[in-house]
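A.B. asks: Assemble the complex: chain L is given as a structure, and chain X must be docked to it using the hints.
Residue numbers (my numbering), protein chains in the order written: chain L, 1 to 278; chain X, 1001 to 1303.
Everything labelled a hint here was simulated from the structure, so no lab data went into it.
Result set (SDA-like, lysine to any residue): computed pairs, CA atoms no more than 20 angstroms apart in a straight line:
| # | chain 1 | residue 1 | chain 2 | residue 2 |
| --- | --- | --- | --- | --- |
| 1 | X | Lys1012 | L | Phe103 |
| 2 | L | Lys267 | X | Leu1110 |
| 3 | X | Lys1009 | L | Glu108 |
| 4 | L | Lys173 | L | Leu202 |
| 5 | X | Lys1139 | X | Val1166 |
| 6 | X | Lys1139 | L | Ser44 |
| 7 | X | Lys1013 | L | Val193 |
| 8 | X | Lys1013 | L | Phe190 |
| 9 | L | Lys56 | L | Thr244 |
| 10 | X | Lys1009 | L | Leu106 |
| 11 | L | Lys173 | X | Pro1014 |
| 12 | L | Lys132 | X | Lys1267 |
| 13 | X | Lys1200 | X | Leu1224 |
| 14 | L | Lys104 | X | Lys1009 |
| 15 | L | Lys15 | X | Trp1104 |
| 16 | L | Lys104 | X | Ala1017 |
| 17 | L | Lys104 | X | Ala1021 |
| 18 | L | Lys180 | X | Phe1015 |
| 19 | L | Lys180 | X | Ala1017 |
| 20 | X | Lys1074 | X | Asp1254 |
| 21 | X | Lys1009 | L | Pro102 |
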Amino acid sequence: MFNRTPIAPLEYTRKLWMRSWVGLTMLFLYAPLILLMIFSFNDSKRNVVWKGFTLKYYEKALNNDSLVEALVNSLTIAALATIVSLVIGALAAVALWRFRFPFKGLVEGTMSLPIIVPEICLGVAFLIFFAKVDWPTDLPWPLNLSAITIAHITFCFPFVAMVVRARLASFNKEEEEAAKDLGATEWQAFRDVLLPHIRPALVAGALLAFTLSLDDFVITFFTSGPDTITFPVKVYSMVRFSVTPEVNAASTILILLTVILTFIALKLQGVKGIAETH
Amino acid sequence: MSGALQDWKSQKKPFAAVVTAPVFWLALFFVAPMAIVWLYSFGQNAGPADIEISGTLDNYKRATEWLYVSIFLKSFAVAALTTLLCLIIGFPVAMAINFAAPKWRPWLLLGIMLPFWTNLLIRTYALMALMGTNGYMNKGLAGLWEGASWLRTIVGMQPLEAWTPVQLLYNNFAVVLGLVYVHLPFMVLPLYSALDRLDKSLIEASLDLGAGHFKTFMQIVVPLAAPGIVAGVMITLIPALGAYLTPDLMGGTDSQMIANVIERQFKRANDWPFGAALSFLLIYAMFILIAFQSMRANKVKAA
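Excised from the complex, chain L in its bound form (with noise of 0.2 angstroms):
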C-alpha cells in the first residue's frame, strides 16, 4: 500500500482491489480447513467456542479400531492402486507415444473416458460388475481390498498416462536410438535412457494417483463392503450419523498428511515442477 514505486498498468497484482480478491479467495478455500484443524484440538464437545487445549480426540480417535482400520485400509489401497497405475500408465503412454496401431483412437478415446464420465456412473458400475461376476468378498486382508483397488486402478492410470505422455513429448528419441546403435538391447535402452527421462512425471503421476485413490469417495461407497471401509466412507458415516470431535481430529491427521505428501513433492520437483505438472 505503501509502495515505492509507482504501480506499473500491468501491475494487477499490486492493486488494492484484486490483492483483497486474491486474499478473500484464499479466505474462503482455508478458513474452514484452518477452523476445523484448530477446533480438533478443542475442549468441547459442541465445537463453536474455545474452550481450551485437549488432546482427547486425537487420543479417542487413534483408539477407535474401526477409524484406524479404515485409514489403514486406504494407505494401503493408495499405495497398491498407485504402483499399479503407474505401471499401466506408463505402459499407455509410451505404447500411444511410440507407435502407430490399428483402432489406436479407439484406445486413446476409451482411456480418457474414465476420466470423463461422472464417479457415480464409474461406481455404480463397478457395483454391478463385481456383482455379476460374484467377486469373493471374504479374502483374508488385504486381499479383501481388491475389488476397491481394481476401482481405484481404472480411475487413476489415465491420469497417470496423461502426466508421462507430456513428459514424453520432450524425448529426444535420437538419445534413444544412440543408445540401440551402441549396442544396448530395446530393454535397456528403455531403462537406461526413456525411463531417467519420464522419471519427474512417474513421480508427479504417483503423486496424483495417491492422492486421488486416497480421496476417492463415491466409487469406493459403491465398491465397499461391511468389511472393507475406507477412510472417506468411515469419515462419510460419522459425519451422516453424529458429528463428533474425532471426525476432526481424524480429518487433521488426513490433512496433515496431503500436505506432507506436497512438501515431499515439493522437495523432489520443485515448487516449479509441481505447478507445470498441473
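C.D. replies: Relative to chain L, chain X alone:
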C-alpha cells in the same frame, strides 16, 4: 518431437510388451463394467436379486417423466450456476497469479491447489461445520445483525429483536456454495495456463491506445483467454453435474441432484435397471457437452 511414429508391425515384441496390460485392463475393468450397465438399462427386475435383460425401453420411458426431467434440469441449473460463480471468482485470481512477481507465482498456484488435494469429504465437512447453526458464518451474521440493531438505537429507532440463528445448511444455497468451494481450483488452473500464454504486450498496446482497464479486459483479455475459459467451464461443469457428495450432505430434501437419484436406485429403491438407464443418460449428457466443445474448438481452428 523428433522421429515419426513407428509402425507396430515393425516392432511386434516391444509393441506387445507395452500395449497388452493397458488394453487388457481397460477392456476387463472399464469397458466390461460399463457394457453391463448399458445392458442392464434395457432390463427389468425379474426377482429379488435377478435382472432380466429383455430389451425393454421402459426404463428410458420412465426417465422422461417430469419428476426425473425436472431433476436433470435442476442439476444442470445448479452446475451452471456453480460454474458461473467459479468463473467470476476465479478469473481475477488467475489474472492476479499471472501478473504476480515470478517468485510468488508458483506459491500462489500451490495455494490454490493444496485444498484441491485435500480430501473432498473433509473439505465438505469443514465447510458444513462453518455453516452450521452454531458455526462461524452464523456468528458473523449475528455480529452484523447486532451492529445494525445498535445503529438503529443510535438514530432513535427501536432495536431489532434478538438474533435467531438461521439454517444455512440443507438447502440449495448450501449446495451451490459447497460446489463452488470444491470446484474453484478446477476453474483457476486452466484459466491460469491460458492467461500465461497470452501476449502481455497486447494489453499494454490496448492501454496505450487509450482503452480503459475494463474495455481492455472485455475486448482483449477475455477473447484471447477464450480457450482457457471454455476448458475451465467444461472441467468445472462436468464434475459439478455429476456431484453426489455435496448435495447429499449439504442439501435438503429438495436439493437432490441426478447423482443422488441414481444412488437411490442402487441402494434404497433397489431398481438397478432404472438406475443404469439414468447413469447412461447422465453419460450421454456429458458426451453432448464435450461434443459441443470440440465442435467449437474445430470452428475456431478452421477460422
